[in-house]
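As numbered in UniProt numbering, residues 1 to 363 make up the sequence shown, in order.
Hints are not guaranteed to be accurate.
Said to hold, decoys possible - Below, computed lysine to any residue pairings styled on SDA-like, alpha-carbon distance capped at 20 Å:
no., residue 1, residue 2
1, Lys354, Thr310
2, Lys163, Ser66
3, Lys346, Thr310
4, Lys258, Ala130
Don't read these hints as lab results, they were simulated from the structure. All values reported here derive from a predicted model rather than from experimental measurement.
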Amino acid sequence: MAAVNRVLLKAREPPQGLAQDFTPGLTGSGDQTVADMSHQQGELWALLNLLKTTETLSEPELVSLSILMLDFQEALTRVQPSAKREGFATIPDVTWENVGALQEIREELTMAILGPVRSPQQFKALGLTAPSGVLLAGPPGCGKTLLAKAVANESGLNFISVKGPELLNMYVGESERAVRQVFQRGRNSAPCVIFFDEIDALCPRRLGHDSGASVRVVNQLLTEMDGLEGRQQVFIMAATNRPDIIDPAVLRPGRLDKTLYVGLPGPADRLSILLTITKGGSKPQLEPDVSLEDIAFDDRCNCFSGADLTALVREASINTLKAHLKTSHHGATYPVGSTADIRVGKQNFEEAFKKIRPSVSKK
């Protein structure tokens, strides 16, 4: 064991992109933990090899022992980034395939966020910088949050989602501290997207005579946004259905300087959304008399948001399930036929139209 105690483990420098590609969200303490565990992993392998070796190792052989890349990879599987242990999401599982329609908005987001991530040299050559922030404005249920998650997934960025009201606290100074923590975790989790949902609740328009808690929160948010001017791979996105009540200072250049309107879908977009919801008409399975195109172009779908269309398909599926289940006199239910027989028909959608109404007023 004296020979074992004299083993000198020399860590080989991992590839330059290891920290960026495999350790998003790791703080300094997290990085140190990975190094410690990789060191322990290397020691374990060295001990196992020494125990299997009957011959005495020479001093040069002991010096040549080192930590391999395999040891770092093994350590990474055991260490959870400290910034991710705080309840925030990692890379979302939402893809562009989950987003129906909104093609123009997708292209704008691609240039605003995916472009700088995928083609940084081209942006630099043209003297272009990524937008400081993107605001998605529009009626509720139109896919603003879904878009933010999809763009984060497409770019491989971590995703920190915060609802504006969640940061508000009745105690003095707590709301400002919560805002600071969000941005600090964003920096620790880089590359990432910080997404503020319902940001209008967080930064309402300030009045000249107002000096309350809301003003302090807005000031703190502006300070953090300005402090991220030199940020590396930290993108700010926000969503609201009331852009008119947001403080104008938040929308100035250098902050949320790019506003994209996510409106109600038209007939063609509704068809795209229905195809996405039903996986091309395969889930739920549809009867031959059901035409998604006819449903999308139906006048009753005017002012329907993506969420409303999802509710329509769900209600039609529930109507189908009710017909598929028979109820006994004792209230118990049991299935009739196999699951392959469950198909949503035109009549099921007609019944669903009687219950589902647009969530957004025509006015």
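key: Restraint status (C-alpha distance of Lys163 to Ser66 at most 20 Å)   = Violated: Lys163 and Ser66 sit about 47 Å apart, past 20 Å.
ask   = Are the Cα atoms of Lys258 and Ala130 separated by 20 Å or less?
value = Holds, at roughly 10 Å.
request  = Sort out whether Thr310 lies within 20 Å of Lys346, counting only the CA atoms.
outcome  = 16 Å, holds
ask   = Does the structure keep Lys354 and Thr310 at a Cα separation of 20 Å or less?
value = Holds, at about 15 Å.
In terms of the numbered hints stated before, the structure departs from hint 2 and from no other.
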